[in-house]
Amino acid sequence: MALRERYVAAIDQGTASSRCLVFDRFARLVSVAQKEHPHIYVRPGWVEHDPERIWRNVEEVVARSLNDARLEASDVVALGIANQRETTIVWDRATGRPLHNAINWQDTRTEPIVRELVGEYGHEFFRERSGLPVATYFSGPKLRWILHSISGLQKRAERGEVLFGTMDSWLIWRLTGRHLTDVTNASRTLLMNLHTLDWDGELLDALGVPRAMLPEIRPSVEVYGEAGGKLAGVPVAAALGDQQAALFGQTCFSAGEAKCTYGTGSFLLLNTGDRPVISSSGLLTTLCCRVGEEQPSYALEGSIAVTGALVQWFRDNLTLIASAPEIESLARTVEDNGGCYFVPAFSGLFAPHWRGDARGVIAGLTSYITKGHLARAVLEATAWQTREVVDAMRADAGLELSMLRVDGGMTANNLLMQFQADVLDLPIVRPNVAETVSLGAAYAAGLAVGFWPDTDALRANWHMAAQWRPNMESAVRERGYRKWRKAVARTVDWVDEDDEDDET
Amino acid sequence: MPGRIQSVERAAAILKLLSGRSRRVGVVDLAGELGLPKGTVHGLLRTLQHVGFVEQDPETGKYQLGAAMLHMGSSYLDGNELRTRALNWSDSLAARSHEAVRIGTLHEGQVLIVHHVFRPDDSLQTLDVGSLLPAHATALGKVLLAYHPYVLDQLEAAGLDAFTGATICDRDRLELELGRIRERGWASDIGELTPSQVSIAAPIKDRSGMTSGAMGIFGPPDRLLVARQPRGELVAYVREAAAAVSRELGAIPWG
Ligand SMILES: Nc1ncnc2c1ncn2[C@@H]1O[C@H](COP(=O)(O)OP(=O)(O)OP(=O)(O)O)[C@@H](O)[C@H]1O
Ligand SMILES: [Mg+2]
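If you read the protein sequences in the order shown, they are chains A and B.
Heads up: the first sequence is residues 1 to 504, going by the numbering used here.
Heads up: the second sequence is residues 1 to 255, going by the numbering used here.
Here chain A stands alone, though its shape is the one from the complex:
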């Protein structure tokens, strides 16, 4: 009798879409289904999602990916979850219904709250406890905003009648009925203490968040419960923020290992081992992973808000291309950027600058510039922003990378990957699974249930699928970087305190 083949499923609930991927024992993709959901742009700077719609999409992609591979729940040994981080949801404990749309991580409506917090407490207060600077990016200010904007909500939250969660909590609640979050997601809220790995009383006070509405913080790799529906009986065995999941999928299990994922935004994470490194160069300190009751590992992170999203914007708002990949063809119609630089500070600048008052700029425009040059500038913006966070990693961690591991949708772009190698002056390496977010969630869940024995077994699956070697004269690189920095300097100090007033 042939041994029955078993599989691990992963849900990747992302900013732009939800996916379900199924992998076999050798980490080979068996099935994939994906569905996009709309962004709800209420007004400039406001970005929301409908949590119910996201849940429906997740159910749909799970069903589709199992059906496509003709699998039943009993063929799946575990489910892992990876999710867009920081996005904030509040729902009613009794009815399970959301009380507000999810406020997306890119949303900047909390700029006034952030200004107040910085004024009252200063950045250090938050950084020491949470590892994070105060910014609109994180969940805490978004939760504060929701609690404030719905009348009576604060009181109900104190009584534990309404619950807060990031996307992992929302999905786990719907899948298992439990209210919990994993450490990596909790480390993005601005509410968790990095050292105790518990909610921090002083941070809760500062943000006015009642403890009664918060999920329990659990390890990333642990069986949380059993799923229902199409996956009835399958253990929900891991949850990780998508970027931490990608680090896991790239098998960066040891201190000193790093990866960069290019999706809606780009995120460079460096595993710093069992101790948190507090950044002095504009990086975040965050959790890398916690396997069961083992010691957690920490990471330094360079978060870039807008990279792939700029390509989408170029497609949807300027309509100069019909699909994201076409940007490469358009960019190849010209030799270089023609002197044009595009800094997409749509949500302010994230790492390493953290300037909420910045907005986007196209610099160096002349009558010579064509749409081909703009396409180049769009792609180069991703590479230069990555260069900035790599430089910050060097400064903070004394890190000397010998190559950069990359993944995510934009790694399909050869022009970009070559340019990235050129401006970093490092080889760029893509592994054999570009969907490392899902792979990482699958790995974590598979480890939790013993499908894979240990992390060494996972490392053996990592193989190089492509490599781009640097090929740019250093003078050209330095000139380009200088211009990029001049363009960045032109984005800051754009937002004024009374800007909001015009719109309300």
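Hints were generated in silico from the structure; no laboratory data involved.
Note that the Cβ used here is the ideal one computed from N, Cα and C, for glycine as well.
Among the hints, a few may not be true.
To spell it out: a stretch of chain B is covered by chain A in this simulated footprint if at least three of its residues, at any positions, have a beta carbon under 8 Å from a beta carbon of chain A; those stretches are [unchecked claim]:
#, stretch
1, 111 to 119
2, 141 to 150
3, 185 to 192
From the derived model, a few chain B residues whose C-beta atoms are all more than 12 Å from chain A [claimed, not checked]:
#, residue
4, Leu45
5, Gly130
6, Glu175
Knowing the structure of chain A, use the given hints to seat chain B with the ligands on it.
Positioned in the frame of chain A, the structure of chain B with the ligands alone reads:
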């Protein structure tokens, strides 16, 4: 659905028919195969010729697809788009077969490599995206020719070069081979470009059923062949991966 326009449907039928032929076709044959009056077909052909979608051979008076049509066909699916959409399944194919994967499209009678996944053994390899391969001497190319036979004239005019003793340089033999490829749905090249290399490929079809690219593996004979023929399980992996990408592009499964 609003009423369909009969003459557009008929024009489309002519184009489809011509795109499946490697040799020019006369009005009488076209009319016979479409079951239409000769005068009607002639009128349609004149209009299609006027817009450059068909061309008439001045000597024989027979018709073939025109340059404007060929150009549209080759630019129909952007190679960068194809790579992006094929990323997951080409990785998966490399992992299953333990061989390097390439995707190619037709470009002026040659195979343009639009995607390349390294053999998953971490040996030193170089990306060859952007390079051109001869169509008649590679599995990728033969798949593309099998489903775009109108390119053959162009190819024959340029000369079918011999790269090894195994290269098929004779047009009739090549057409026979392409017919077999259409029947079984995959192609192989056994030392036809390089003596020590074998390649296996299958078509990637888009929503309209057009072959917009070919996907396959390549490697040494001792790994890819058994009893001098492509290993059955490798052929199956290649076909499954190409079908998965086709599904991704919206083609009807196994259509
Ligand atoms: N060939 C390409 N060239 C440039 N950009 C691309 C290309 N293909 C995809 N992208 C961009 O990459 C992004 C999609 O990548 P990916 O699927 O990894 O992101 P994502 O997982 O959807 O993001 P998120 O997790 O934030 O939802 C999109 O923003 C798209 O614009
Ligand atoms: Mg993603």
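(message) Are any of the numbered hints broken by this structure? If so, which, sorted upward?
(response) Those not satisfied are hints 2, 3, 5.
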